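S.K.: Got two chains here, separate frames each, mind docking them using the hints?
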Amino acid sequence: MKFRNLLSLLCLLSVACALADDYHLGPDSLRKEGVPQGKLTMHKFTESKVYPGSERDYWVYVPSQYDGTKPACLIVFQDGKWYQDPHGHTRAPTVLDNLIHTGEIPLTIGLFINPGVIPAVKEGAKPRKNRSFEYDTLSDQYARFLLDDMIPQLKRDYSITDDPEGRAVCGISSGGICAWTVAWQRPDAFRKVISYVGSFTNIRGGHNYPAIIRKTEKKPIRVFLQAGEKDLDNLHGNWPLGNRQMAAALKFAGYDFRFVMGEGGHNGKHGGAIFPEMLRWLWRDYPQK
Amino acid sequence: MMYAKHFGNLLAAVLLSCGCFAGDISLEQVLIEGESWEKVVGGMKFCDACCTDNVGNFYYSDFSGRGGIKKVDITGKVSDYIPGIAGISAMQFGPDGRLYGCQGRNRRIVALKPGFAPDIIVSGIRPNDLVVTVEGHIYFTETSTRRVYQINPKQGGSRLKIVAKDIAKPNGIVLSADGGTLLVSDHMDKEIWFFRIEKDGSLSFRSPYASLRLRTRHHPSKGDGMAVDAIGCFYVTSDLGLQMFDPTGRMSGVIHSPQPGKPLVSVVFAGKQLEYIYVANGDAVYRRKVKSKGLMHW
Numbered sequence: 001m002k003f004r005n006l007l008s009l010l011c012l013l014s015v016a017c018a019l020a021d022d023y024h025l026g027p028d029s030l031r032k033e034g035v036p037q038g039k040l041t042m043h044k045f046t047e048s049k050v051y052p053g054s055e056r057d058y059w060v061y062v063p064s065q066y067d068g069t070k071p072a073c074l075i076v077f078q079d080g081k082w083y084q085d086p087h088g089h090t091r092a093p094t095v096l097d098n099l100i101h102t103g104e105i106p107l108t109i110g111l112f113i114n115p116g117v118i119p120a121v122k123e124g125a126k127p128r129k130n131r132s133f134e135y136d137t138l139s140d141q142y143a144r145f146l147l148d149d150m151i152p153q154l155k156r157d158y159s160i161t162d163d164p165e166g167r168a169v170c171g172i173s174s175g176g177i178c179a180w181t182v183a184w185q186r187p188d189a190f191r192k193v194i195s196y197v198g199s200f201t202n203i204r205g206g207h208n209y210p211a212i213i214r215k216t217e218k219k220p221i222r223v224f225l226q227a228g229e230k231d232l233d234n235l236h237g238n239w240p241l242g243n244r245q246m247a248a249a250l251k252f253a254g255y256d257f258r259f260v261m262g263e264g265g266h267n268g269k270h271g272g273a274i275f276p277e278m279l280r281w282l283w284r285d286y287p288q289k
Numbered sequence: 290m291m292y293a294k295h296f297g298n299l300l301a302a303v304l305l306s307c308g309c310f311a312g313d314i315s316l317e318q319v320l321i322e323g324e325s326w327e328k329v330v331g332g333m334k335f336c337d338a339c340c341t342d343n344v345g346n347f348y349y350s351d352f353s354g355r356g357g358i359k360k361v362d363i364t365g366k367v368s369d370y371i372p373g374i375a376g377i378s379a380m381q382f383g384p385d386g387r388l389y390g391c392q393g394r395n396r397r398i399v400a401l402k403p404g405f406a407p408d409i410i411v412s413g414i415r416p417n418d419l420v421v422t423v424e425g426h427i428y429f430t431e432t433s434t435r436r437v438y439q440i441n442p443k444q445g446g447s448r449l450k451i452v453a454k455d456i457a458k459p460n461g462i463v464l465s466a467d468g469g470t471l472l473v474s475d476h477m478d479k480e481i482w483f484f485r486i487e488k489d490g491s492l493s494f495r496s497p498y499a500s501l502r503l504r505t506r507h508h509p510s511k512g513d514g515m516a517v518d519a520i521g522c523f524y525v526t527s528d529l530g531l532q533m534f535d536p537t538g539r540m541s542g543v544i545h546s547p548q549p550g551k552p553l554v555s556v557v558f559a560g561k562q563l564e565y566i567y568v569a570n571g572d573a574v575y576r577r578k579v580k581s582k583g584l585m586h587w
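Chains A and B, in that order, give the protein sequences. Under my numbering, the first residue of the first sequence is numbered 1, with each subsequent residue one higher. Under my numbering, the first residue of the second sequence is numbered 290, with each subsequent residue one higher.
Hint data in this document are derived by calculation from the structure and do not stem from the laboratory. The model shown is predicted, which means the values in this text are computed figures rather than measured ones. A couple of the hints might just be wrong.
[Unchecked claim] For lysine to any residue, the following SDA-like pairs were computed, each having C-alpha atoms within a straight-line distance of at most 20 angstroms: (1) A:Lys129 / B:Gly469; (2) B:Lys488 / B:Pro384; (3) A:Lys230 / B:Gly312; (4) A:Lys218 / A:Ala253; (5) A:Lys155 / A:Gly68; (6) A:Lys129 / B:Glu487; (7) A:Lys129 / B:Asp467; (8) A:Lys122 / A:Gly53; (9) A:Lys126 / B:Gly312; (10) A:Lys122 / B:Ser491.
[Claimed, not checked] If you want a taste of the chain B side facing chain A, the calculated C-beta under 7 angstroms gives, among others: (11) Arg485; (12) Glu487; (13) Lys488; (14) Phe494; (15) Gly538; (16) Arg539.
Ideal Cβ placement from N, Cα and C applies to all residues, glycine included.
With the rest of the complex left out, here is chain B (with noise of 0.2 angstroms):
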């Protein structure tokens, strides 16, 4: 077990310092033969937002019912998070513990705790999906107005920017694997969006460094929900199922949606080694146990 997680290691770096000609990242050294995706949770009509918290358990938010917020922990048992709490489409855990949502139908975002009441961060917006860096600050996509902002807590009044805007329905929202870049999936079209990260946090260079494959031209690619892992993949939820790219932008591979005739929408790393990705799929949870891992971003 311990030579063959070192051999994965060395053969990553082996891969990645080839540079140019190798680092072809195949479906093949992320899906584990005979590993499929397993239900987490079903019964519900719409069920989005997953995200991790620093030693692995799993959240997610019952969105069009009443289950709230959910958590599974490494072991598998599920529990009552934030109980009640509805409409939220995207969380993650901030560096101050708090965990941050979107709630579009309130019109704002929130910081929740379980027995508090919802801090509100911003209000006045309608957002769709939501990033928070190591620094405290929180991007988020607006999709309706095109729209991606920035939330820097520590300014006080006049804190929320407009960092990029003209994409046609920005969706989903990521860092890099080292935090130096930001990842904005469109909905309609195929493009995932790359910026640079300034100093002050505003966005610049942005390029659309990768590209979803659609059902056909016409049809929107429903890019929505992304996750990076350790080595810099990133993976994104969309109409044809969960699309992964390596580090510099090329498509790795399509993996089969659990249930395609069903929207999937968010996608995350969890379990004790970030082992398993979990995405949300309609009105179910799944999760499938990978090569790849996730990462900590602290």
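Here chain A stands alone, though its shape is the one from the complex (with noise of 0.2 angstroms):
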């Protein structure tokens, strides 16, 4: 095939993508004259004893209206980087200032972690990518790295409660199964949880969920799943088939989800369109009258 018959293809392919994934942001996901920003800073975390030899960037968002004189909530985010992009699908700082400013949801710092990498030491060499490893994985290691390495560098400088439904873990794709995987291994310490076309597949024998999940006393999870018609079918399994049966299966166990099947692909506009939905539906109730 020639050069330019695959960029025509190429081009095809993103109009046809774009014209699937007609999702805007809402104006709870924009600024807001009158509302107060929190501030976001960036970090990078080195010294991690789960993934020994892992480095990542980080950021934490602080609401302005927390001073540190009661335990805020805490939401984690994998794939920090584009959930905190001002510019990017989710924008969630922003979501997490509105939403606050109005009480829908409580005083919450938000953690935005990018997947490890552990750089390689030989001259040109690429580093090894942990992503895979680290969300697609069925254990608790990302969870004691939250638990173990995350959480206790943010507990320095700020007051975070222990308690588990103060606490939500979302991510896309990969993030996604991760962020249930956190909640399905430590529900003790998180059971809040959103997935944006969740890979409940069988990159690395996430496609079992449904199963155990039906088999398995209920754990007390709320959990936000968003999947979309055009997700992925490939050779890890198909995307909106995974998500049903994950869907169908937290139903016949009785847990408390919203499962919301979209139009769209394998990317983050749906569930960053309806990310405040999300938040809302979550915190419905906390804190517990």
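M.R.: Pasting the structure below:
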């Protein structure tokens, strides 16, 4: 195939994707006049005991209302770079500004963490990318990373609630299944989950969750799953089907869940557009009266 | 043909640049429709130690017989390379042009050159598989002691160092495409262990980066010889066939063994453009043309 043909093919593909993903950010995802802005700071973490040798950037969002007098709730994002991006699919800091200001969600600190890399020592060699290993593995390792590595780091500077109902995890794709895995492994520490186009497929065994959920005593997890009809169908599995299976299993097992199947593909447009709604639903009764 | 080649490269570049979401590499991107395994040499008791040289000729060892080390050149002609030598379970050419081999039954690693007696690099160990780096360092597995060793030939007497231990049955060993990471397969467990190679050649930051599919959870994986292709995918011989993984450790799929009832123990890319996967599979060597290509470390 000639180069030109390939380019036009790629253009066509992107047009097709654009038509399918006609989702837009609403007013709650955009800056509003009179709403105080929290502070977002960037950091680097290189001291992991759970993923030795890994390095990563992370960002901390602290709402302007935070004064340290009472512990804040917490929301953790996988692929933090995308979620904190002021031009990204979700613009989570702005959404948090807006919903904390109106009191629709509690005072919440945001922790936006990138996946780790293990840099090579050899000159010119590539780093070992840890994203799939960290996010797709069905173990408690990533939960331990949050609890033993990251949260203690955060607690040096901020007061964070230990109430698992006050802690949420959010991610997209492999970061989505990772959010579920964190709560599934440690419901004593995290009980709120948001997944955009979650990879409940066989990247590293994630397709087994629906079966496991059906045959495990219900755990106290509240989860919002977003998926898209035009999402991936590849060697690892079929993303819309994987998410449908998850929703069916959650329903069967009696979970407090919401499932939204959109028209989109494997991206964060739809999830980003409904992110404020997801937060409102997750926090609808917090703190419990 | 030329366009097809560029398209392949471009596609690979596009897939890789998409980073997190894409990079999904399926068997379809490796296997060629209509191509299957073809027998190259058969009739041995047990063959092993697939390797290639810097022009794509293929070499293997008649492990249990008297055939020695044979060469299959890029035109397919089979000839003796080092006649008579037995028990070689792994081989690789070093940057010095010599052929390094594990000879566990003689408890040694040797450097071979046609017409010369084997040069003993180290003895008193029981090596299974080895890899030679561009710096000339040798890493090898000693399955029985659950260890990985490193030899730095430039350091005299105490040059043998244990660099990893406590792997159930360390077996296959290979370098990542860029030489910065060492991979070790486990013949018992499902893990493929990844290590960072430090400046002094020691290993750090071990992790079970990829997992082999098992026949049942109680069967050993029989993870054995490994090969890496030009874009960093890796291929592991195992109980269930040749298991392929993408560079981030996600399994791409299982390629059937030519003879599923016989041990699949060694794999290498060879051929003029390293466009063939060669495997040692019990009594015979097979090859298969694929879309992926091997890579030369020097």
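S.K.: All hints, please: hold or fail.
M.R.: Hint-by-hint comparison with the structure:
1. Proximity of Lys129 (chain A) to Gly469 (chain B) is assessed by CA-CA distance (about 13 angstroms); at most 20 angstroms being required, the pair is judged to hold.
2. Pair hint Lys488 (chain B) plus Pro384 (chain B) holds up; C-alpha atoms about 18 angstroms apart against a cutoff of 20 angstroms.
3. Between Lys230 (chain A) and Gly312 (chain B) the alpha-carbon distance is near 18 angstroms, which keeps this suggested pair within the 20 angstroms criterion.
4. Of the supplied pair hints, the one linking Lys218 (chain A) and Ala253 (chain A) holds, its CA atoms being roughly 6 angstroms apart against a limit of 20 angstroms.
5. Of the supplied pair hints, the one linking Lys155 (chain A) and Gly68 (chain A) holds, its CA atoms being roughly 11 angstroms apart against a limit of 20 angstroms.
6. Annotation: proposed proximity of Lys129 (chain A) to Glu487 (chain B) holds, straight-line Cα distance about 17 angstroms (limit 20 angstroms).
7. Restraint check for Lys129 (chain A) and Asp467 (chain B): satisfied, since their Cα atoms lie roughly 14 angstroms apart, inside the 20 angstroms limit.
8. Pair hint Lys122 (chain A) plus Gly53 (chain A) holds up; C-alpha atoms about 15 angstroms apart against a cutoff of 20 angstroms.
9. For the hint pairing Lys126 (chain A) with Gly312 (chain B), the CA-to-CA distance comes to about 16 angstroms; that is within 20 angstroms, so the pair holds.
10. With a C-alpha separation of about 12 angstroms, the suggested pairing of Lys122 (chain A) with Ser491 (chain B) holds against the 20 angstroms cut-off.
11. For Arg485 (chain B), the shortest C-beta to C-beta distance to chain A is roughly 6 angstroms, which falls under 7 angstroms, so the interface hint holds.
12. The beta carbon of Glu487 (chain B) is positioned within 7 angstroms of a beta carbon in chain A (closest approach about 5 angstroms), and the interface hint is therefore held.
13. With a least beta-carbon distance of about 6 angstroms to chain A, the hint placing Lys488 (chain B) at the interface is held under the 7 angstroms criterion.
14. Restraint check, Phe494 (chain B) versus chain A: the minimum CB separation of about 3 angstroms is within 7 angstroms; hint holds.
15. For Gly538 (chain B), the interface hint holds, the least distance from its beta-carbon to any beta-carbon of chain A being 6 angstroms, beneath 7 angstroms.
16. A hinted interface residue such as Arg539 (chain B) counts as satisfied when its beta carbon comes closer than 7 angstroms to some beta carbon of chain A; here the least separation is about 5 angstroms, so the hint holds.
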